[in-house]
Amino acid sequence: MVLGLNATASVVEKFVTSSDGVEIFAQAVGDSRLPTLIFIHGLALSALVWVKILRDANLLKSFQLVAYDLRGHGRSGKPDTLSGYSSELYAQDFAAVLKTFGIKSPILVGWSLGATIAADVTTYIEPDTLAGVVYTAALPWLGVNQIVATEWVQSLIPGLLATNDSNLSISTRIEFGTQLFNHPEAVPTDVLWSWIGSTILQPPSKFGFLMGRTQDTTKLFEAGGNGLPLLVVNGGADKYIDGEKVLEVVDGHFKDLTVHTVKNGSHAFFYEDQAEFVRELVKFGKRVFAQGPKPSR
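The C-terminal residue of the sequence shown carries number 297 in UniProt numbering, and the numbering is unbroken.
Hint data in this document are derived by calculation from the structure and do not stem from the laboratory. Idealized CB from N, CA, C, for every residue including glycine. Hints are not guaranteed to be accurate.
Straight-line Cα separation of at most 20 Å, PhoX-like style, residue types lysine-lysine; simulated pairs [as the list claims (entries may be wrong)]: (1) K61 <-> K286; (2) K255 <-> K286; (3) K263 <-> K239; (4) K14 <-> K99; (5) K61 <-> K104; (6) K286 <-> K104; (7) K245 <-> K263; (8) K14 <-> K78; (9) K245 <-> K255; (10) K283 <-> K61; (11) K283 <-> K52.
So the derived label-pair ranges between C-beta atoms look like this [what the hints assert, rightly or not]: (12) G236 <-> K52: 17 to 27 Å; (13) D80 <-> N58: 36 to 46 Å; (14) A275 <-> D31: 16 to 26 Å; (15) F15 <-> I200: 13 to 23 Å; (16) S194 <-> N226: 38 to 48 Å; (17) D31 <-> S171: 40 to 50 Å; (18) S194 <-> L156: 18 to 28 Å; (19) F15 <-> D251: 36 to 46 Å; (20) L156 <-> N226: 32 to 42 Å; (21) G212 <-> E126: 22 to 32 Å; (22) W152 <-> D31: 38 to 48 Å; (23) P188 <-> E276: 17 to 27 Å.
My request is simple: use the sequences and hints to build the entire structure.
Structure (structure tokens):
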């Protein structure tokens, strides 16, 4: 399906079939001849969080923009067992999106839980699949949750998992969605409610599957050591992720590392401080794509 977006770009929406038959919702915006940025949303949310980003004129000048709903989220399929959420399947979802849209060597822009997909991709797909990675208020990989996630957001997990208390389940999702922003009162109601509403699409009984897979970071660290460029963007007032802890866990694993902190930035700084985030993204993207693909080791 092709939908009008603005005078210069349109959005193509597709349901992509992954290796196990699960349908993955994906959308591409802009000129497919340009290098591609692939945006991956965070826990319990959907590609709706990227609506403003996908319309950003400064990004569309230089890149094709792609976003998709992770399995278990949004409009994508939601398998009924933990085996349907394996690291390899998340990598195959990414590969299916690339194949469907004819994308070669994109930059993966992962927000929060979405950043973990880089570890899946580097483990199960060719080493040169990614031109670069952007950790955006990131959980870099599963296994460091207790280190980089704040105590506050960890305190919400029981409510997100609750299957026998609907009041707790719903109130937790509202708090989880609202506190993504420093100034939720300034976020248009339709936007705020679409973000919160995305969390309701996830049955609490399946919520535990979303962070239940085992990840191997060996190939990710090898790629980082071989020069896979990484941009880490943190929010200085993030209630969900401790940016300093993120830097501690990635330290020494990436030869080409760039760091930027959005002063007073929330967990959703890409929405509230869009211009600053886009500026860093454009600068990084232009440098990385100008370098060309890294040789396989």
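How the hints compare with the structure:
1. K61 <-> K286: Since the Cα atoms of K61 and K286 sit roughly 11 Å apart, the hinted pair holds (cutoff 20 Å).
2. K255 <-> K286: This hinted pair holds, its Cα atoms lying about 18 Å apart.
3. K263 <-> K239: Holds - the C-alpha atoms of K239 and K263 are around 13 Å apart, at most 20 Å.
4. K14 <-> K99: Given pair K14, K99 holds - Cα atoms ~12 Å apart, limit 20 Å.
5. K61 <-> K104: holds, 18 Å
6. K286 <-> K104: Status holds; Cα separation ~16 Å.
7. K245 <-> K263: holds, 16 Å
8. K14 <-> K78: holds, 17 Å
9. K245 <-> K255: holds, 18 Å
10. K283 <-> K61: Holds: K283 and K61 sit about 13 Å apart, inside 20 Å.
11. K283 <-> K52: holds, 19 Å
12. G236 <-> K52: 17 to 27 Å: holds, 21 Å
13. D80 <-> N58: 36 to 46 Å: The hint (36 to 46 Å, Cβ to Cβ) holds, given that D80 and N58 are roughly 42 Å apart.
14. A275 <-> D31: 16 to 26 Å: holds, 22 Å
15. F15 <-> I200: 13 to 23 Å: holds, 21 Å
16. S194 <-> N226: 38 to 48 Å: holds, 39 Å
17. D31 <-> S171: 40 to 50 Å: Given range 40 to 50 Å: holds, Cβ gap about 44 Å.
18. S194 <-> L156: 18 to 28 Å: holds, 20 Å
19. F15 <-> D251: 36 to 46 Å: holds, 40 Å
20. L156 <-> N226: 32 to 42 Å: holds, 37 Å
21. G212 <-> E126: 22 to 32 Å: This hint holds: roughly 26 Å between Cβ atoms.
22. W152 <-> D31: 38 to 48 Å: holds, 41 Å
23. P188 <-> E276: 17 to 27 Å: Given about 20 Å between the Cβ atoms, the range holds.
Checked against the numbered hints given earlier, this structure breaks none of them.
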